[in-house]
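Peer 1: If you want the building blocks of each chain, they are given just below.
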Amino acid sequence: EDQVTQSPEALRLQEGESSSLNCSYTVSGLRGLFWYRQDPGKGPEFLFTLYSAGEEKEKERLKATLTKKESFLHITAPKPEDSATYLCAVRFYNQGGKLIFGQGTELSVKP
Amino acid sequence: DTGVSQDPRHKITKRGQNVTFRCDPISEHNRLYWYRQTLGQGPEFLTYFQNEAQLEKSRLLSDRFSAERPKGSFSTLEIQRTEQGDSAMYLCASSAPGQTTSQYFGPGTRLTVT
Numbered sequence: 117e118d119q120v121t122q123s124p125e126a127l128r129l130q131e132g133e134s135s136s137l138n139c140s141y142t143v144s145g146l147r148g149l150f151w152y153r154q155d156p157g158k159g160p161e162f163l164f165t166l167y168s169a170g171e172e173k174e175k176e177r178l179k180a181t182l183t184k185k186e187s188f189l190h191i192t193a194p195k196p197e198d199s200a201t202y203l204c205a206v207r208f209y210n211q212g213g214k215l216i217f218g219q220g221t222e223l224s225v226k227p
Numbered sequence: 007d008t009g010v011s012q013d014p015r016h017k018i019t020k021r022g023q024n025v026t027f028r029c030d031p032i033s034e035h036n037r038l039y040w041y042r043q044t045l046g047q048g049p050e051f052l053t054y055f056q057n058e059a060q061l062e063k064s065r066l067l068s069d070r071f072s073a074e075r076p077k078g079s080f081s082t083l084e085i086q087r088t089e090q091g092d093s094a095m096y097l098c099a100s101s102a103p104g105q106t107t108s109q110y111f112g113p114g115t116r117l118t119v120t
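Line order of the protein sequences matches chains S and R.
Mapping of the first sequence onto this note's numbering: residues 117 to 227, in sequence order.
Mapping of the second sequence onto this note's numbering: residues 7 to 120, in sequence order.
Be a bit skeptical, because a hint or two may be false.
[Said to hold, decoys possible] Simulated restraints, written as ranges between beta carbons of each label pair:
(1) 161(S) <-> 82(R): 20 to 26 Å
(2) 186(S) <-> 64(R): 24 to 30 Å
(3) 21(R) <-> 130(S): 44 to 50 Å
What the hints contain is simulated information worked out from the structure, not anything from laboratory work.
Remember, it's a predicted structure, so these values are computed and weren't measured experimentally.
For glycine and all other residues, C-beta sits at the position ideal for the given N, C-alpha and C.
Let the hints inform the model, and build the full structure from the sequences given.
Peer 2: Written out as C-alpha cells, the structure is:
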C-alpha cells in the first residue's frame with residue numbers, strides 16, 4: 117500500500133536554529149511530491165511541488181529537496197512566524213488525481 | 007485574488023441531521039477535490055471531479071455522503087444522518103488542467119456533531 121510518513125511528529129526550535137523535516141514514501145510511481153504549510157484552524161497553504169529526484173525548490177527560509185525515496189524540507193534560521201504544521205503529500209501514478217498525505221510535522225519556533 | 011472558498015466555515019449539528027457544504031474553486035480550475043481532516047492527522051481524500059464528472063470516490067465515502075458538481079463550477083458535499091464520527095474539518099481543493107498540477111485548498115468547513 118502506498119504510504120507517506122513524516123518525521124519528526126513535532127519539532128521545537130529556537131529562533132535562528134536551522135533544521136530539517138523528513139517525508140518518506142513507498143514507491144509505486146511518483147507523479148509529484150507536494151509540501152504544504154497549515155496554520156491552526158485553516159486550510160493547507162501550498163508551498164512547493166517536486167517532480168523528480170535531485171530537484172530543489174526554495175522560498176524565503178524554506179528549501180525542499182527530493183530523492184528517490186524521500187524529501188526534506190530544510191528551514192534556515194527560522195523565525196517564530198514559521199511555526200505551523202508542515203504537511204507532505206504525494207501523488208502516485210496508479211492513484212488518479214488524489215493526494216496521499218503524511219500526518220504532518222508540527223513546528224514550533226521560540227524567540 | 008479569489009482563491010478557493012468554502013461555506014459555511016463552521017457548522018454545529020445534532021446527530022441524525024443532514025448537512026450540506028459548498029465549495030467554490032478557483033475560476034479557471036477544472037478539477038475539484040474533497041478531503042476530510044481530523045485533529046493531528048493529514049487530510050484524507052474523499053472524492054474528486056473533473057468538470058462535472060465525479061472520477062473517483064474513496065471507500066471512506068459511505069452511502070451517507072454524496073457530492074455533486076452540477077455545472078462544473080461549484081460543488082456541494084452532503085452528509086445525511088450525521089454521526090459523531092463525522093466531526094472533522096472538510097477541505098476542498100482545486101487544480102488547473104493537467105496531470106501534475108498543484109492543488110490549492112480552501113479554508114475548510116469545521117463540522118461538529120453533538
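Peer 1: So which of those numbered hints doesn't the model satisfy?
Peer 2: Failing hints: none at all.
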